[in-house]
Amino acid sequence: SGNCSLYNETQGEGILPTPTIGAVGLMADVNRMATVAFKRAGDAIVLIGETKGHLGQSVYLREAEGREDGAAPRVDLATEKKNGDFVRGLIEAGRIDTVHDVSDGGLLIAVAEMALAGNIGAALAKGTVASLFGEDQARYVLAAPRDAAERLVSEAKAAGVAAALIGASGGAKIAVEGSGEVALDRLRKAHETWFPSYMAGEL
Numbered sequence: 038s039g040n041c042s043l044y045n046e047t048q049g050e051g052i053l054p055t056p057t058i059g060a061v062g063l064m065a066d067v068n069r070m071a072t073v074a075f076k077r078a079g080d081a082i083v084l085i086g087e088t089k090g091h092l093g094q095s096v097y098l099r100e101a102e103g104r105e106d107g108a109a110p111r112v113d114l115a116t117e118k119k120n121g122d123f124v125r126g127l128i129e130a131g132r133i134d135t136v137h138d139v140s141d142g143g144l145l146i147a148v149a150e151m152a153l154a155g156n157i158g159a160a161l162a163k164g165t166v167a168s169l170f171g172e173d174q175a176r177y178v179l180a181a182p183r184d185a186a187e188r189l190v191s192e193a194k195a196a197g198v199a200a201a202l203i204g205a206s207g208g209a210k211i212a213v214e215g216s217g218e219v220a221l222d223r224l225r226k227a228h229e230t231w232f233p234s235y236m237a238g239e240l
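To get my numbering, take the position in the sequence shown, counting from 1, and add 37.
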């Protein structure tokens, strides 16, 4: 669509090849839906999908390393469907109300977006740069009460879907074990004020 492509250029240069897919779906029951915002402190955070730490063509590589190279992550349509079907089944059954896809920026960015949306922080298990910022495909972050989260992890593995407990929601900051932390207020300021600064030529 036109609003996706615009002029396919930035600062007078062509953008990287960017296939775009638009999709529309129907919800069987609007009372059983999930949003990205954390709903409760103390929920377990679950990662669905396999993490290999793919950094090729990632936001991290571009913004932190100043590089635009490497192969994009491989897309496995069978895994995409299997993982997506599993997550959608949980939503339709009313078992989870907090879900976010892992996309640009990787796992840590997805969790940060969930925290900002719900104004609830998160503590994550220790990870590497590749595992936190890699953009491996077919992944989702869920949040649910711990007992429910442990059950769905077991069910996912039984269904051949990679799943792991990676942390918990709560507090007013994003913290990664052994790596550091950032307050939500500081994160929100950076997240919400960059565009005016960019348009003013300050970035």
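Just so you know, the hints here were simulated from the structure itself, not pulled from any lab data.
Hints should not be assumed to be uniformly reliable.
Calculated pairs, DSBU-like style, for lysine-lysine (alpha carbon to alpha carbon, straight line, at most 35 Å) [to be verified]:
#, residue 1, residue 2
1, K76, K226
2, K89, K210
3, K210, K118
Derived DEER-like restraints, expressed as beta-carbon distance ranges [to be verified]:
#, residue 1, residue 2, range
4, L114, P54, 14 to 20 Å
5, D184, D122, 21 to 27 Å
6, A167, R223, 20 to 26 Å
7, W231, G131, 35 to 41 Å
8, A115, G93, 19 to 25 Å
9, L114, V61, 17 to 23 Å
10, R99, G197, 31 to 37 Å
11, V67, A209, 27 to 33 Å
12, G126, D184, 15 to 21 Å
13, E50, R223, 30 to 36 Å
14, G51, E187, 47 to 53 Å
15, P54, K118, 21 to 27 Å
16, G238, E187, 46 to 52 Å
17, A209, T72, 18 to 24 Å
Where is the CB? At the ideal position from N, CA and C, for every residue including glycine.
Hint-by-hint comparison with the structure:
1. The straight-line distance between the Cα atoms of K76 and K226 is roughly 21 Å, inside the 35 Å bound, and the hint therefore holds.
2. Between the alpha carbons of K89 and K210 the distance comes to roughly 26 Å, so the proposed pair stays at or under 35 Å and holds.
3. For the suggested pair K210 and K118, the alpha carbons sit about 33 Å apart, so the restraint of at most 35 Å is met.
4. Separated by about 19 Å at the C-beta atoms, L114 and P54 satisfy the suggested range of 14 to 20 Å.
5. Between D184 and D122 the CB atoms are about 23 Å apart, so this pair conforms to the stated range of 21 to 27 Å.
6. Checked against the hint of 20 to 26 Å, the C-beta distance between A167 and R223 comes to roughly 25 Å, which is consistent with it.
7. Our hint of 35 to 41 Å for W231 and G131 holds, since their Cβ atoms are close to 37 Å apart.
8. Hint check: A115 to G93, Cβ distance near 21 Å, so the stated range 19 to 25 Å holds.
9. Separation of L114 from V61 is about 19 Å and conforms to the stated range, judged on CB atoms against 17 to 23 Å.
10. In this structure the supplied range 31 to 37 Å holds for R99 paired with G197, their Cβ-Cβ distance being about 33 Å.
11. Distance hint for V67 and A209: a CB-CB separation of about 31 Å, consistent with the stated range 27 to 33 Å.
12. Under the hint 15 to 21 Å, the C-beta atoms of G126 and D184, about 19 Å apart, fit the expected range.
13. Our hint of 30 to 36 Å for E50 and R223 holds, since their Cβ atoms are close to 32 Å apart.
14. G51 and E187 have their C-beta atoms about 48 Å apart, which keeps the hinted 47 to 53 Å range intact.
15. Separation of P54 from K118 is about 24 Å and conforms to the stated range, judged on CB atoms against 21 to 27 Å.
16. Separation of G238 from E187 is about 50 Å and conforms to the stated range, judged on CB atoms against 46 to 52 Å.
17. For A209 and T72, the Cβ-Cβ distance of about 20 Å falls inside the hinted range of 18 to 24 Å, so the restraint holds.
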